[in-house]
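Asker: Below are the chains, spelled out letter by letter.
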Amino acid sequence: MKKVLIVDDSLSVARQLEKIIADSGDFCCVGHAKNGAEAIRMNHTENPDLICMDMNMPGMDGLTALRSLVVLDKEVKVVMITSLGGIGDKFTEAIKLGARSVISKPFTTDDVLRVLRNL
Amino acid sequence: MAVKFFGQFLVENRIVSREALLRAIKLQDEKNLKLGEMAISLGFVTRSDIERAHGAQMTKDMKLGDLLVEMGFLTLTQLDEVIVRQKSTHLYIGEALVLVGALSNGQLQRHLDEFKQDQAQYVSERIELPDGVANARIWEMTADLTYKMITRVLGLQFRPGKCQTVATVGTNFMMAAMDMTGDAEARYIISVSEGLQKEIAKAVLHEMNVDAEPGEVLEDTVMEFVNVVCGNVAAKASQMGKIIDIHPPVTIHPPVDGLPVPDGQTALCFPIHVGEGDRMELILLITN
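Chains as they are written, first to last, in the working numbering: chain P, 1339 to 1457; chain L, 6 to 293.
If you're looking for bench data, these hints aren't it; they were derived computationally from the structure.
Be aware that one or more of the hints could be misleading.
[Stated by the list, open to error] Heads up, simulated DSBU-like pairs for lysine-lysine below, C-alpha to C-alpha not over 30 Å straight-line:
hint	chain 1	residue 1	chain 2	residue 2
1	P	K1357	L	K203
2	P	K1372	P	K1415
3	L	K31	L	K247
4	L	K39	P	K1434
5	L	K31	P	K1415
6	L	K121	P	K1434
7	L	K247	L	K65
8	L	K39	L	K247
9	P	K1434	L	K36
10	P	K1434	L	K247
11	P	K1434	L	K68
12	L	K68	L	K247
13	L	K39	L	K65
14	P	K1340	P	K1412
15	L	K68	L	K39
16	P	K1412	P	K1357
17	L	K92	L	K247
18	P	K1341	P	K1412
19	L	K153	P	K1357
20	P	K1340	L	K207
21	L	K31	L	K92
22	P	K1357	P	K1340
23	L	K121	L	K247
24	L	K207	P	K1341
25	L	K36	L	K65
26	P	K1412	L	K31
27	L	K92	P	K1434
28	P	K1357	L	K207
29	L	K31	L	K121
30	P	K1372	L	K207
31	L	K153	L	K167
32	P	K1341	P	K1357
33	L	K247	L	K153
34	P	K1372	L	K203
35	P	K1434	L	K31
36	P	K1412	P	K1372
37	L	K247	L	K167
[Stated by the list, open to error] Partial chain P-side listing against chain L, Cβ under 8 Å, derived:
hint	residue
38	S1350
39	N1394
40	G1424
The structure displayed is predicted, hence computed values, not measured ones.
Just so you know, even glycine gets a beta-carbon here, dropped at the ideal spot from N, CA and C.
With the hints as constraints, model all of the structure from the sequences given.
Answerer: Next comes the structure, spelled out in structure tokens:
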């Protein structure tokens, strides 16, 4: 079972993702970080296979954290989750920085699992 | 389910790989000249002019083209020519994918048609605003997208009321707000009664009952709904050539006599009739 770290300052998005991951049968959630700095720390302590990370967070945002994560951990697979995915420049920036995919909000269970299972 | 960028649609549906998309983006970066580079290539300005204008941007919040005109490096006619040339030579992501061999022309056309069909649900319908509102097309689209998200994300049946300009924003159980800045500026507010806050929480959390949820979680679900709508508004605005940045959402607990509209702003109120005893409004505090 692949381990997933959720990174989002929103309690409700974290709850949605935890439920989708727990019900999937293929993945388990190993933690919830509320900003980019916590994500970097928890990637080190929890060693997840996948990270689902919001782009806009107070403190260290998702793209800044992504930049550090891909330098610190060459194996890390990060999926960005954002309401701004439909903006070509934002999507392109995330992919160029090393995100494996971008999931736009609002998302369905199928949207999330289809991306995670393809990684 | 959301407003999307064509490249994202192709990758999500496994029509092209992430690696092919990256090759196409690299090609776009090489071919699509930025405004300054295009002005240099047309012989209107020098690299040193562009560097001086970039330096001036540190202290002036202006677009490069406007600044080049203000500093006397470009005439308005030349700026128009640069913009026209940028648009006429722009390599779109689909064309770039064909050039890198990830799609054939036939496949591109077919997938563009599929993409248009997928996004047709977000094509704006006409919403009437009072006369004289700045950036009216953006705010009409904002209201329309809000209605569509209420249906798709919250699953609520409703009837939109007539948009009106108000001097005071009426009170309610809670409001969630998000500031939008850039080419069009406003504070986006969703105002809900207690019962509707719970309906939003049920939809966002995918739970049948939210009575035991802490108030913090219930409020967060309304903020998340606002975040989803405003992010999609920014995406739709970018397709209309307008850049809008969104800022973190906040909650507001308004006083009983409501919120007065600050000087220099126009408040548009869009009543959303949901059901007996419940009250929901979209309010746009537009910066004049």
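Asker: Now tell me, hint by hint, if it's right for this structure.
Answerer: Here is what the structure says about each hint:
1. P:K1357 x L:K203: holds, 19 Å
2. P:K1372 x P:K1415: Given that 30 Å is the threshold and the Cα spacing comes to 18 Å, the pair holds.
3. L:K31 x L:K247: With a Cα-Cα distance of about 24 Å, the restraint between L:K31 and L:K247 holds, given a limit of 30 Å.
4. L:K39 x P:K1434: holds, 18 Å
5. L:K31 x P:K1415: Within the cut-off at roughly 21 Å; holds.
6. L:K121 x P:K1434: holds, 25 Å
7. L:K247 x L:K65: holds, 20 Å
8. L:K39 x L:K247: Holds, because 17 Å separates the two Cα atoms, which is no more than 30 Å.
9. P:K1434 x L:K36: Holds, at about 17 Å.
10. P:K1434 x L:K247: Status holds; Cα separation ~23 Å.
11. P:K1434 x L:K68: holds, 25 Å
12. L:K68 x L:K247: holds, 13 Å
13. L:K39 x L:K65: This hinted pair holds, its Cα atoms lying about 19 Å apart.
14. P:K1340 x P:K1412: holds, 17 Å
15. L:K68 x L:K39: holds, 12 Å
16. P:K1412 x P:K1357: holds, 28 Å
17. L:K92 x L:K247: holds, 15 Å
18. P:K1341 x P:K1412: Since the Cα atoms of P:K1341 and P:K1412 sit roughly 17 Å apart, the hinted pair holds (cutoff 30 Å).
19. L:K153 x P:K1357: With a Cα-Cα distance of about 25 Å, the restraint between L:K153 and P:K1357 holds, given a limit of 30 Å.
20. P:K1340 x L:K207: Given pair P:K1340, L:K207 holds - Cα atoms ~28 Å apart, limit 30 Å.
21. L:K31 x L:K92: holds, 18 Å
22. P:K1357 x P:K1340: Since the Cα atoms of P:K1357 and P:K1340 sit roughly 15 Å apart, the hinted pair holds (cutoff 30 Å).
23. L:K121 x L:K247: Satisfied, since the Cα-Cα distance of roughly 20 Å is no more than 30 Å.
24. L:K207 x P:K1341: With Cα atoms ~27 Å apart, L:K207 and P:K1341 stay inside 30 Å; holds.
25. L:K36 x L:K65: holds, 29 Å
26. P:K1412 x L:K31: Measuring from Cα to Cα gives roughly 22 Å; hence the hint holds.
27. L:K92 x P:K1434: holds, 24 Å
28. P:K1357 x L:K207: With Cα atoms ~14 Å apart, P:K1357 and L:K207 stay inside 30 Å; holds.
29. L:K31 x L:K121: Roughly 25 Å between the alpha carbons, so the hint for L:K31 and L:K121 holds.
30. P:K1372 x L:K207: Distance ~22 Å between P:K1372 and L:K207 Cα, so the pair holds.
31. L:K153 x L:K167: holds, 16 Å
32. P:K1341 x P:K1357: holds, 14 Å
33. L:K247 x L:K153: holds, 21 Å
34. P:K1372 x L:K203: Since the Cα atoms of P:K1372 and L:K203 sit roughly 24 Å apart, the hinted pair holds (cutoff 30 Å).
35. P:K1434 x L:K31: holds, 9 Å
36. P:K1412 x P:K1372: holds, 22 Å
37. L:K247 x L:K167: holds, 26 Å
38. S1350: With Cβ-Cβ at 4 Å, under 8 Å, it holds.
39. N1394: Since the shortest Cβ distance to chain L is 7 Å, the answer is holds.
40. G1424: Status holds, d = 3 Å.
In this structure, none of the earlier numbered hints is contradicted; all agree with it.
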